[in-house]
Amino acid sequence: MNLDDLADKAEEYRNQDPDITHEARVCMAASCQSSGAPEVMAALHRALTAIPPPAPGERQGDVEGDAERDGDSEGDGTMAGAGLAGPADRVTRGHRCKVKGVGCMGLCSAGPLVAVAEKGAELMASTLYREVRPEDAPAILASVAGPPVARLHCPTDQPFFARQQRIVLENAGVIDPDSFKGYVAVGGYAPLVQALTEMTPAEVLREITLSGLRGRGGGGYPTGLKWSTVAKMPGERKFVICNADEGDPGAFMDRAVLESDPHRVLEGMAIAAYAIGAAKGYVYVRAEYPLAVERLTTAIRKAKRAGFLGGKIAETPFSFEVEIRLGAGAFVCGEETALMASIEGNRGQPRPRPPYPAESGLWGCPTLINNVETFANIAPIVRHGGAWFAGIGTEKSKGTKVFALAGTIENTGLIEVPMGTRLRDIITAIGGGIPGGRAFKAVQTGGPSGGCIPAEHLDIPVDYDGLKTLGTIMGSGGMIVMDETADMVDVARYFMEFCMSESCGKCVPCRAGTQQLHALLDKIAKGEARHQDLALLEELCEVVQATSLCGLGQTAPNPVLSTLRFFRDEYEAKLCAP
Amino acid sequence: MTLLQTRPPLPSDDKRWKLVNATMRRNGYAGHALIETLHSVQDAFGFLDETAMRFVAGSLDLSLSKVYGVATFYHLFLLKPKGRHACVVCTGTACYIKGARGLVEAIQERYAVRPGETTPDGRLSLLTARCVGSCGLAPAVVLDGAMQGNQTAGQVLAKLERLD
Chain B
43 MNLDDLADKA EEYRNQDPDI THEARVCMAA SCQSSGAPEV MAALHRALTA IPPPAPGERQ
103 GDVEGDAERD GDSEGDGTMA GAGLAGPADR VTRGHRCKVK GVGCMGLCSA GPLVAVAEKG
163 AELMASTLYR EVRPEDAPAI LASVAGPPVA RLHCPTDQPF FARQQRIVLE NAGVIDPDSF
223 KGYVAVGGYA PLVQALTEMT PAEVLREITL SGLRGRGGGG YPTGLKWSTV AKMPGERKFV
283 ICNADEGDPG AFMDRAVLES DPHRVLEGMA IAAYAIGAAK GYVYVRAEYP LAVERLTTAI
343 RKAKRAGFLG GKIAETPFSF EVEIRLGAGA FVCGEETALM ASIEGNRGQP RPRPPYPAES
403 GLWGCPTLIN NVETFANIAP IVRHGGAWFA GIGTEKSKGT KVFALAGTIE NTGLIEVPMG
463 TRLRDIITAI GGGIPGGRAF KAVQTGGPSG GCIPAEHLDI PVDYDGLKTL GTIMGSGGMI
523 VMDETADMVD VARYFMEFCM SESCGKCVPC RAGTQQLHAL LDKIAKGEAR HQDLALLEEL
583 CEVVQATSLC GLGQTAPNPV LSTLRFFRDE YEAKLCAP
Chain S
446 MTLLQTRPPL PSDDKRWKLV NATMRRNGYA GHALIETLHS VQDAFGFLDE TAMRFVAGSL
506 DLSLSKVYGV ATFYHLFLLK PKGRHACVVC TGTACYIKGA RGLVEAIQER YAVRPGETTP
566 DGRLSLLTAR CVGSCGLAPA VVLDGAMQGN QTAGQVLAKL ERLD
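Protein chains in written order, with the numbering used here: chain B, 43 to 620; chain S, 446 to 609.
Looking at chain S on its own, in the form it has when it is part of the complex (with noise of 0.2 Å):
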């Protein structure tokens, strides 16, 4: 006897639930596709919100704490909303040796903000990252995605100044 597994409804009719359940249907549904999926929900909404969670739970058959498990396990998981804009401080070993700390705390002064924090107006996320590999332009900020390299505290703080 076969039992037919039924798939929970799309959340809601937004169009980016479709691109996650492409994901889900290219893996053929399989459980190990999980943070293939989680990876597909952050890059559409943003982050990983509890309807998102229950939704791909109930559709690859596992349990809601599993999925929730792994969501916390890996940094790049995100259960709350990005402000408009994200600014990334390197902490690696060669952005640390040459002054990274200074930024984050430069940072953390003026808008009032912990490193995974974003302010409360929505404006600004400050994130840290472990090495984005740009060692050669130590101290780097990554600022709205955009790489900038041999930052002081002055420079990035200017950049942010200028951020709508």
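For reference, chain B alone in the conformation it holds in the complex (with noise of 0.2 Å):
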């Protein structure tokens, strides 16, 4: 199979039901989900079969078809738990439309949600509705042919879309995860073809060093310098992960991505597989994400069936197959070398770097690890080259950025925004500031290695290096915003529980400093501390950083450090008379 070829196939994919002009969108997303989407997805079906199918001979005739044609024999196109057989196509004065499930639009604390949009088109292009009920469907469906139902209505003009840039998530809420034919239809696979067809390996590192991604697991390392590596390494047998075992709370950007558009990982990790030279590859994603977990074994079933994974993938000699791998929740797997462990079926407990995995990974061979977002990212730079996304961004972070933004805001969910993007952008226009008229306190990023920004901080650019000098991290994108109520000690608090039972117990310093950083907490917000406390937990802090084996124990005192540094009243607050 060539481009031309795969081109073929979109149009034909594209084109499969000629008579259909638009497209009801139902998001079904996990947090869509929890709030009902289903329900609304099952009465937007009913609704479409009520509507009396027009007289014979009438130019839109009547329906044949069922929730998606894609002539697949084991459901596709039908979406877990839903219960959707059944006709689904229907003429609604004079258009016909069909109901889709499809990914996260973004807007979770609006769910449902519901897209009625032409066929094909991308989300900012639709009219959203919010907050959807079943009994809603008819007058929805009423209105593809007419004025919008004003009540329901959420512009997508409002800042919180119009703000947005949609590199990684642009498929997101517009296709049906489960649908192969609707990957293709937009284009997908052609970036793998034309790098198996067209470039050569080095040609493909080249372009992604061109591009300037960086890991967007938290680390922030070069791609380009960490796929050339591995592909440096000599030895037959190398590796491909993909780390989904999103453990930070209060993220939720993997979990979207692989909800919402499955197949774009995948062939994120075969062009890397291509690069370095590797034939298999592992999901590592948790086990808390049954939706994702499924969605992803349906795209590797179907991607493999129709010739993108498995065995000479595109008629040419490159082979790679993928496998998943489930968590089993533990927090410290998110670290490189102890998801390799766990891979292997070990306790995942991290092991002292170099060796890198680059050089010695999954069993003892050169392993490329990169997050569910860093993969996102490679089917559009192969698209639209290296030089296209190195143009979006700053100067030292490319590209954009998903977050999830959550904690005390308007709008909660997921946006993706240009790098550079300035905080307060982020919270007042796209977050739409803060609920019930109480003020900005901070906002917290990178989740337990991470730190808290407070106001007078929020005119900074987001990006690595930007974040870094406030003493926090980008992380892997979570963002709770916080308002005046929220107590600081409290925060750091709980961030210092929660790695200190995350805490894998392998090193000293992180197993027992944790510990005792946590106590000191405590007595801190008991009011039982005083000034020789504070200054033992600053101290313990710099031992902890220093001395740890991984990243959880490195980074495991941030959210202390950096509510020290711009919340120190509020800990000297509680303390006690010396």
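Don't read these hints as lab results, they were simulated from the structure. Treat each hint with caution, since some may be false.
Said to hold, decoys possible - Calculated pairs, BS3-like style, for lysine-lysine (alpha carbon to alpha carbon, straight line, at most 27 Å):
id: 1; chain 1: S; residue 1: 525; chain 2: B; residue 2: 548
id: 2; chain 1: B; residue 1: 616; chain 2: S; residue 2: 543
id: 3; chain 1: B; residue 1: 568; chain 2: S; residue 2: 543
id: 4; chain 1: B; residue 1: 51; chain 2: B; residue 2: 161
id: 5; chain 1: S; residue 1: 604; chain 2: S; residue 2: 543
id: 6; chain 1: B; residue 1: 438; chain 2: B; residue 2: 274
id: 7; chain 1: B; residue 1: 346; chain 2: B; residue 2: 322
id: 8; chain 1: S; residue 1: 543; chain 2: B; residue 2: 565
id: 9; chain 1: B; residue 1: 548; chain 2: S; residue 2: 511
Stated by the list, open to error - What follows is a set of in silico ranges between Cβ atoms, one per label pair, in the way DEER data are often shown:
id: 10; chain 1: B; residue 1: 547; chain 2: S; residue 2: 559; range: 19 to 29 Å
id: 11; chain 1: S; residue 1: 457; chain 2: B; residue 2: 589; range: 47 to 57 Å
id: 12; chain 1: B; residue 1: 162; chain 2: S; residue 2: 554; range: 51 to 61 Å
To be verified - Counterexamples of contact, computed for chain B against chain S with all Cβ distances above 10 Å:
id: 13; residue: 184
id: 14; residue: 275
id: 15; residue: 276
id: 16; residue: 481
id: 17; residue: 496
id: 18; residue: 564
id: 19; residue: 582
Think of the CB as a built atom: it goes at the ideal place given N, C-alpha and C, for glycine as much as any other residue.
Mind assembling these two chains? They're in different frames, but the hints should get you there.
Written out as structure tokens, the structure is:
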């Protein structure tokens, strides 16, 4: 198969239902599902079937088809748990509309979300409805041909949507994540075929290096450099691992990408495998994300059957198999050496580096580990070229970043903005500010390894280096907003409690240090500490930071140090007289 | 000379052991399939007991201490049966900021169970999770697998009371 064949296929899939002009897209990502999306989807199906078919002989004709005719005997196009067998496309006042389950549209706090759009239109060009109840289904379908339903309308020109730039999430909320054809129809797998048939591995490496992409899992290590290192390693057996062990509390970017556009991640992994010379890949995903696991499993099965995974991909000599490995609830497994230990069936305990995984990783073989979002950036880079990607973002941080916005903020959900966007814009414009007229106090980034940023620093541009100067990190992209009622000592204690219970116990500074730090913070929070305790806290933070074996321990003191830096008065106010 | 590895027989004629065995066979009885196998035991039986761990150790040719070590390392594996109902309170950052601790305390007080414990009558297990990823619905509780968003202590307790 070459690029022209694939383009023909995409064209064919796009025109599969020429009579259908519109789609009612229901967000079926985890958050909307929990707020009732499956019921809304079922109601939309019922409402479609309830619309009487037009008289025979009329141009629009009657319906055939079901939810999505993907030509797949195994139930393609039907979304998990929704039970959507049965006729779906119906004529609504001259338009042919179908109901489709899609991935995350971003504004999770307004779920369940339904978008009515022309077939194939992007999210911004759709009419979006918020907090849809099953009884709203007939009104929404009627709006396909008429004016929007005003009481449910959620304008897509509001800053939450307008200020975003969607690259990683370009298909999220647009395509059906379970549909292979849906992915190919929007140009999916063309970058992989392009890499395999028109580029050498060295040329792929050059584009990735040129793009300036840096690891999205938190470290920010240049992706091109990492790939090149593994590519240079001798040895026949190499591995590609996708780190989907999204353990930071308050972060759900990877989950949303896997639930909304799983093929894109697989495609990124396959391109990586071609570039470094690997034939086997693993996706290490949290068992706490059953829906993501299910969609990924479906995607692997379908990609394999279509010949985009497995042996002789696109009729080239390149072969690549992907297997899923489930985590079992250990935060430390997000650390790369611990993750590999877990894939090998061991306790997820890190080991000292070097040797780095690039040299000696899974079963001692050279191994490339990247995060979900990093892999999701690969296909667009190959498609548009590294220079295109390097034109987005700041000097040292290229491209966009997906953030999970949560906490006390008006718009909770998933956003993607160019690197360098000011924090203030993210919180006040995109996030809609703090609800209830309360004042902003701090935003926490980077989870248990990050820190809190107070109001006076809101004008910094968000990129890897900017956040570092404030003593926090980009992390994987969780952003928790806190209002004036938040108690910063309590927040620091919360994160320390997390690190304490997630410490794997291998090295003493982390195992014992986090215990002692937690005890000190608890003492301070309870108002039983003195000035010397505060000094001890700071000293111990430095020790744990400097001497721990892996990232978990080295960064565990960050939330304490950062709150001490910006909110020291709160600590001091809790001290009892010396 | 090849040694024929003898695998232990299924512990009982309970059909669920066949599911567990199928997982191990699919992975060629390789030691690195341990975590997958333990997942499949827990899916089938709800928890891991000594019989199961001995069987898995024997089948994968691993020491019992290794199996026990892995089973106790990961939070998801349970060594005791869960209650008839499971209430998982998310204690991720967003839920914490929005009052998850109050939910845990309320349940703890009403049913006299601490997180990770089950009521003596086996009716309810109280568990906590490190973020279920539904931060838009904070504070969130997963009751018998169903996500309940924006909960107050009163709402959760009322739901728990209604359980059989």
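Going through the hints against the structure:
{"no.": "1", "hint": "S/525 - B/548", "in the structure": "holds, 25 Å"}
{"no.": "2", "hint": "B/616 - S/543", "in the structure": "holds, 22 Å"}
{"no.": "3", "hint": "B/568 - S/543", "in the structure": "holds, 20 Å"}
{"no.": "4", "hint": "B/51 - B/161", "in the structure": "holds, 17 Å"}
{"no.": "5", "hint": "S/604 - S/543", "in the structure": "holds, 20 Å"}
{"no.": "6", "hint": "B/438 - B/274", "in the structure": "holds, 25 Å"}
{"no.": "7", "hint": "B/346 - B/322", "in the structure": "holds, 13 Å"}
{"no.": "8", "hint": "S/543 - B/565", "in the structure": "holds, 23 Å"}
{"no.": "9", "hint": "B/548 - S/511", "in the structure": "holds, 16 Å"}
{"no.": "10", "hint": "B/547 - S/559: 19 to 29 Å", "in the structure": "holds, 21 Å"}
{"no.": "11", "hint": "S/457 - B/589: 47 to 57 Å", "in the structure": "holds, 50 Å"}
{"no.": "12", "hint": "B/162 - S/554: 51 to 61 Å", "in the structure": "holds, 54 Å"}
{"no.": "13", "hint": "184", "in the structure": "holds, 28 Å"}
{"no.": "14", "hint": "275", "in the structure": "holds, 22 Å"}
{"no.": "15", "hint": "276", "in the structure": "holds, 24 Å"}
{"no.": "16", "hint": "481", "in the structure": "holds, 15 Å"}
{"no.": "17", "hint": "496", "in the structure": "holds, 16 Å"}
{"no.": "18", "hint": "564", "in the structure": "holds, 14 Å"}
{"no.": "19", "hint": "582", "in the structure": "holds, 23 Å"}
Violated hints are absent here; each numbered hint is respected by the structure.
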